[in-house]
Amino acid sequence: MTVSALTRPGERDRLIVKLSEIDWLFVLVLSLIAGAGALMLFSMAGSSWMPWAAAHLGRFTLLLLVMIVLAVIDLRVWFAIAYPLYGLGLLLLIAVEAVGDVRLGAQRWLAIGSFSFQPSEVMKLGIVLALARLYHGVPAQRARLSWWLFVPATMIALPVLLVAHQPDLGTAMLIALTGAAIVVLAGLSWRLIAIFSATAIAAVVPMITFVLHDYQRERIFTFLNPESDPSGSGYHILQSMIALGSGGLLGKGYGLGSQSQLNFLPEKQTDFAFAALAEEFGFLGCVSILALYAAVIFMALRTAYLSHSHFGRLAASGATATFTLYVLINGAMVMGLAPVVGVPMPLLSYGGTVMVTVMAGFGLVQCVRVHRYAEVTSGKGSFV
Amino acid sequence: MTQPAIFFEEVNERQGVFHRRAILLGAFAGLGLAGMGSRLAYLQLLETRRYEKLATSNQFNFKLMPAPRGLIVDRNGAILAANRPNFRLLVHRDKDLDTEATLKHLADYVPLDETRQRRLLKDINAAPKRAPVQVIEDMSWEQFSAIKLRGPELPGVTADMGEVRVYPHGGAFAHVIGYVAKVNKEDVDEAGPDRDPIMLHPSFRVGKQGVEKALDVPLRGKAGAKKVEVDANGREVREDPEGDIPATPGAEVQLTLDVDVQNRALDVFGEESGGAVMMDCRTGDILCMTSAPSFDANRFVRGLTGPEYRSLTAYERKPLLDKCLSGLYPPGSTFKTMTALAILMAGIDPDETVGCGGGMHFGGRFFHCHKRGGHGSQNLNDAIKNSCDTYFYSMSLRVGPDRIAQAARAFGLGQTFDIGIPGQKKGIVPDREWKKRYFKKNKEMQPWWPGENLSYAIGQGYLQVNALQLAVMTARLANGQKALNPRLIRSIGGQELARGSDVADLPFPREHIDRVRAGMAAVTEVGGTAWRASQLGLGDVTMAGKTGTAQVRNYDSGGSRGKGGVWHLRDHGLFVAFAPTDAPRYALAVIVQHGMGGSTAAAPRAREIMRTALLKDPEIVARVQKPLPMPELTPDRELDIVPEVSNVERPA
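If you read the sequences in order, they're chains D and U.
Going by my numbering, the first sequence opens with residue 1, and the numbers climb by one from there.
Going by my numbering, the second sequence opens with residue 1, and the numbers climb by one from there.
These are calculated hints, taken from the structure and not from any lab test.
There may be inaccurate statements among the hints.
Derived pair list, reagent style DMTMM-like, types lysine to aspartate or glutamate, alpha-carbon separation capped at 25 angstroms [as the list claims (entries may be wrong)]:
#1 U:K318 x U:E272
#2 D:K18 x D:E375
#3 U:K53 x D:E267
#4 U:K443 x U:E433
#5 U:K63 x U:E239
#6 U:K95 x D:E267
A quick note: this is a predicted structure, and the numbers were derived from the prediction, not measured.
Please work from the sequences and hints to get the whole structure.
Quick look at the structure:
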């Protein structure tokens, strides 16, 4: 297929062309990370596909297909459903508040038949799409500094407050930061960025004192001094750091990590999967995985960079920001640089919810790539 | 183009801003990842050692394993206390384990009735998680292997081989060696905060009495440790035998006791109550120290039941009391040996005689001699031989209490000895000074009345001694030169302890001691008080001694003179002896509590114990078996002297 062929009108709407436009190298890198995750889950289960590794691989394969399907859907469909999805997300969050299940002391789950899910995950994608949709028609000056900025601020604040009330501080923070990332990418004035950052930092101490729940407060305090209570809440952080540190340069060998095999590592298959990998494969293994994550982030950001539509740019970069935040927060937590917040390492950790969110986000990213030359609001086929 | 939302240059401006900001986001992500990388480098490359150590201490635990307790052996190496294997069955609880079903299942292989199951279930649930509770001990090999074989079907069950203390001679050494038993709270408190951690191990036993208690620490040895891999819940995953720390077995303790003499001594007491102590009068080694009746120390190891313990404490002959060390008795006439020394010390001519008419008037009272008809004219030698009270009554007035006390103390009475085990009572050797101190609050009682000399001289009154002291006294007399100390513990872990003979000389001239010994030799000769009861039947190897019959109460109130009636009011029978008379080797003191007569109760027992000791001595045996000079024999003496050959042979 020549370049000239692709410039022919309608040529890019053909399914085979769309599929060929998907970044297959990106798919390969994602598969490598998920494969590494399956490898670790197999080892942690005592060299067994059950109960985690097989499910992890199966889930990833399925979600890869979903990602490809999402990628070939017309970008204008995403554009069209941006606000409805956001609205649905808000409604679901309100529903959780009213009728949701209480699990592990927090009201996060909504059951539909036998299927239960966390509406806050819908909101992770919803906020990205809605803000991208909002900014799509906004001139640079307004996005930079104006009273109009109260609109995106409110759009971010509503879901954040609802999620924080569940309480799920980790997700609330993630939504807030993702929203903030889009607002910044859209061109927020540096002065405002400085003022908001300063206010946020200043608000940390009163937040900790007055707003947080006891267990949340405790997590933060133990994080600041993990050895203060090595058998209690500091245990998780300490054990994770032991797993990491004892791995050394080359690791203890596959299946030979004492911390993960003997269950000293808590939540080893989810939150601390990276620590288990660090223990068995050492510094070299960790750096390799980090390089793969860096590649994912780079490729996704490049997709956003190349997009011709502002909606596409912001949506792709927003999804990337979510993924980046997952990686950085989990990494910092595992390495003892952040409190335990229950954010898993995307693709590496066992757990369906996060993988759905991340893979749907990448579906959006690939969709932006496939439709990078498409116009979303005018011309033939506009849905709006 | 319908309704262009924004102008073209605006679009370009937005794109430019986004591109700059996207690069910033990328830089931010890169920075974050680089930060993670450097943190990883710090943890994994620079701090590896520290975290490896922590991971190892997570992964491995050391389980304390008690060391085999040191053996206790007699002077010839015969075992007095040892360890035997004990197959035990332990059950611990854990989450997702059904202890009740496990116990039911166990009942198929070992006897475990419903009541016991219920009680065990309660115990197991009360114990800390994964702390094993003993279900059965002393299983047979068949039961043990049956459980071992079915290990996988029985989660939470461990069958292991522990060690348990065993005393092969049962009661004969119970008072000397003591016993071991479970650690109780007092033991833990006593050991203080620096106690050996092994004390809290469920199969550890601590010495409770005697040698087991006094030498508990060397006998214990040093506990070893078993290296095990554990998971986060503390469950054992794997053993690592290469990492085990071997235990140092406890030190072997050798006593000076002789198993045959000791057993014979307990044997001859039969139903009677009392104590016998024999010493080697050349070295001070204690060959036997027997208290009767005794108890089976093995029962104490297993743990006494309430009724068992009550029956031991309720018995009036007090099996739990060590009558050699803790039992105090008036020495009676055995003390006349000391009075005799005091008489000689006072410069009285031993050939001076006193006429005995069956007693003596003094201070408005008549002091009886034990022979109502009287002994007639008695010098010192006659008085010891016949145990004439009148002679000693009369002489005591000229000697005074202080000289008697001086002699008694020089010979070991009224003091304790460092024999390595607790429980000795000092007793009382009275003199003027003592009486003043004793009656500090009662001025009227403080002066020493001359009448008190009379009972003092025959070993009555305030005087109180124990069997060990009497043995030391006799050994010092028999040695004739050294103020011998008794020694019970010969060596600990091969390290020999100081001998009892490395001591100063007695502060008495040799001829005084020889006079007393001559008197003691006469006691066992024809006509002496112990003549009939003390014939060893070993030819010219004979025994010298002194009988004693000690009053428990004052006979002035009349009654049967302690020769019958209620047991606890009867006289004590005592006998001190040494043999061979001509070249003393063994000294012996026997006290038969409420045994009535020294010559009837104590002397025959002393003879048997002495014979056992002599017949174990190869030099004595050689001397006895030496062919007798036949031509010099006269027919009528032959019967008296020729030893029965069967008696000479070593007992099997």
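These are the hints, each one checked on the structure:
1. Note on U:K318 and U:E272: the hinted pairing holds, with a Cα-Cα distance of about 11 angstroms set against a maximum of 25 angstroms.
2. Between D:K18 and D:E375 the CA atoms are separated by roughly 16 angstroms; this keeps the pair inside 25 angstroms, and the hint holds.
3. Of the supplied pair hints, the one linking U:K53 and D:E267 holds, its CA atoms being roughly 22 angstroms apart against a limit of 25 angstroms.
4. Distance hint between U:K443 and U:E433 is fulfilled; the C-alpha atoms sit about 13 angstroms from each other, no more than 25 angstroms.
5. Simply put, U:K63 and U:E239 have alpha-carbon atoms about 10 angstroms apart, close enough for the 25 angstroms limit, and the pair holds.
6. Between U:K95 and D:E267, the direct Cα distance comes to roughly 19 angstroms. Compliance with the 25 angstroms bound is thereby established for this hinted pair.
In summary, the structure agrees with every hint in the numbered list given earlier.
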